[in-house]
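Engineer: Quick note, the sequences are listed as chains A and B, same order.
According to numbering that gives the first Met the number 0, the stretch in the first sequence is residues 0 to 425, in order.
According to numbering that gives the first Met the number 0, the stretch in the second sequence is residues 0 to 183, in order.
Hints may contain errors.
What the hints assert, rightly or not - Taking CB as the label site, the calculated pair distances span:
no., chain 1, residue 1, chain 2, residue 2, range
1, B, LYS153, A, GLY369, 34 to 42 Å
2, B, GLY161, A, GLY158, 51 to 59 Å
3, A, LYS224, B, GLU43, 46 to 54 Å
4, B, ASN144, A, ALA60, 27 to 35 Å
5, A, PRO78, B, THR148, 31 to 39 Å
6, A, LYS201, B, TYR95, 40 to 48 Å
7, B, GLU45, A, LYS38, 49 to 57 Å
Bear in mind the hints are in silico, worked out from the structure with no lab data behind them.
Even glycine gets a Cβ: it sits at the ideal position worked out from N, Cα and C.
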Amino acid sequence: MAVEWRNFEPVLIPKIPNLHKIEVFEKNGGYQQLAKVLKEWTPEKVVDEVKAANIRGRGGAGFNAGLKWSFMPKPDGKPRYIAANGDESEPGTFKDRQIFEYNPHLFIEGATIAGFAMHIDAVYVYIRGEYKDWIDMMQKAIDDAYAKGYLGKNIMGSGYDMDMYVHSGAGAYICGEESSLMESLEGKRGYPRVKPPFPAQKGLWGRPTTINNIETLANVPLVIKNGADWYKSIGAENHPGPVLYGISGHINKPGVYEYPTGMSIHDLIYEVCGGMRGGKKIKAVIPGGSSTPPLRGDQLEGVCMDADSLRTAGSMMGTAGMIIMDEDTDIVDVVWRISHFYHHESCGQCTPCRDGTGFLEKTLIKIKDGHGEMRDLDLLLDLCTQMEGRTICALADAAAWPVRYAVTRFREDFEKKVKNTVYALA
Amino acid sequence: MKENYEFSKEDLAEIEKIKAKYPDKKSPVMPVLWLAQQKFGHVEPEVQQLVAKTLDIPAAHVYGVVSFYTQYYGERKGKFVFDVCTTLTCQLCGGYDILHHLEDKLGIKAGETTEDGMFSIQSVECLGACGYAPMMQITNGVYCNHLTTEKVDKIVDDLKAGKMPEFEQIPFPQHQDESNNKEG
Ligand SMILES: Cc1cc2nc3c(=O)[nH]c(=O)nc-3n(C[C@H](O)[C@H](O)[C@H](O)COP(=O)(O)O)c2cc1C
Ligand code: SF4
Ligand code: FES
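Please work from the sequences and hints to get the whole structure.
Structural biologist: Encoded structure:
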């Protein structure tokens, strides 16, 4: 059932002018949760509260953040790290940058609380290189937080030390994948690592590391302030909290909107985003970034933006980067462009991914240009089967899913473009 | 013509600060490459050598990094590089029209540079501005959103006159007063 959202006031990016400035943030209760935790809480209590709140990772996989934190081994006196993932390169996703721009200190506070909870020595904030302007905003916020004693040595007089550094990417989608991100932070080509060992055992520079998305960490102070029960009362039952929906495509008012999870896709399109451009019908919706399976416009009745509802509908929440397409959209063209993206971004370590993404793209070009045959549709599905679950990282799956579900859900669009495989003899 | 690439004293001080953020000597290579590219406009092999020497790491490693990441200019590009996004949402919202308009206007194709060395065009993947499509980025810097052919023309003219477009702040929709997302 769709959740109530109309009276919701944003909490991740609340309507407070100049909140990105540290004085304004402080005046509005900023860094008080950090103060409270440092003074009164134990690290275990923080982990337990965040686990109970069930903040599901906003980077794509939707894993309970507190549970992930609890995988960190006991401190042994040597360095431990957080890598905060602001690579934000999944097509359709443009929400973490809103935090850098409008509420960077909420993230810094959340990451520092996470640091205290896991006995972290340093947080590396990995931001895609294209976000030069937002990297500068984040760096300024971090400098200000250092100057006020919220970062660095003896934070707020607690005896806890933690550093925070920004690391700029340089144009590689794959570096959003957590192990590739760590390679990149270590100054290497961003080749994903074979797992296990998992980052909590052997992460950055061989030391225990937790990777969380920027938005995930920005939720932490809200949980500390209001408690896990409050957090769980927002949005969908098994996937609670406020979420930044990035909505783009053929709608009247695209943009990033903060609402509870579990909103119906129809409400988001028709009430939040002002409906479809030109009053057109919806052909397809990609709910959570380009790798999540597309849904048909006539499949959307009652579908809500949370893990359970989307799973039932046959897709995923991903990054909540929704792409809306109207009835005039050429699905084959769109799927080709998605395939081109993954082909371009494959790091090339695994044959099923390197060659598979290439074959997918080649076959889709053939179909799009009118040279395809009916059997090419089966070839596409077969290629997907050979890619899924057979590679070092999930990029191959991310490349296969949109193709698989487009071919099955929009089969008539593909069939219209291909010739029959069997020719009648003249 | 072979140029001599050197870091200044200020650069070296900056590099020391960068090195202090990482626990080993290989890790600072990305920020130092950024610094070098900012200074020299590219990171061609001679600059890679300089970075390698400065960090005391193999030049082959630096080359490996430069060739993996698309934003490092391992070869010289135009003074202004138009990175036009043509991925999914930009594709849906006319990104290819913008690309083709720029190509016609400058008389070059994506991947090429004008003869006078002023402009390069590249067709790039999603830049994380999908709600503001179609869009492009100029030389790893400013984002130009909500593009139309007229807006593109103006940007090109401004750049020729030495004027870089300014950062466009896009308001968070729920912060705007006439937000009609609420009941009543
Ligand atoms: C190919 C690929 C690209 C990814 N890109 C991103 C990204 O840009 N940002 C992000 O936060 N997570 C990305 N992820 C997910 C990360 O690997 C990781 O699960 C996430 O950052 C964990 O944070 P969370 O638990 O807070 O979501 C990507 C995963 C894959 C397989
Ligand atoms: S699945 Fe693709 S992107 Fe991931 S490691 Fe293998 S080749 Fe690289
Ligand atoms: S698709 Fe162009 S910015 Fe995302």
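Engineer: Starting from the hint list further up, note which numbers the structure goes against and sort them upward.
Structural biologist: 5
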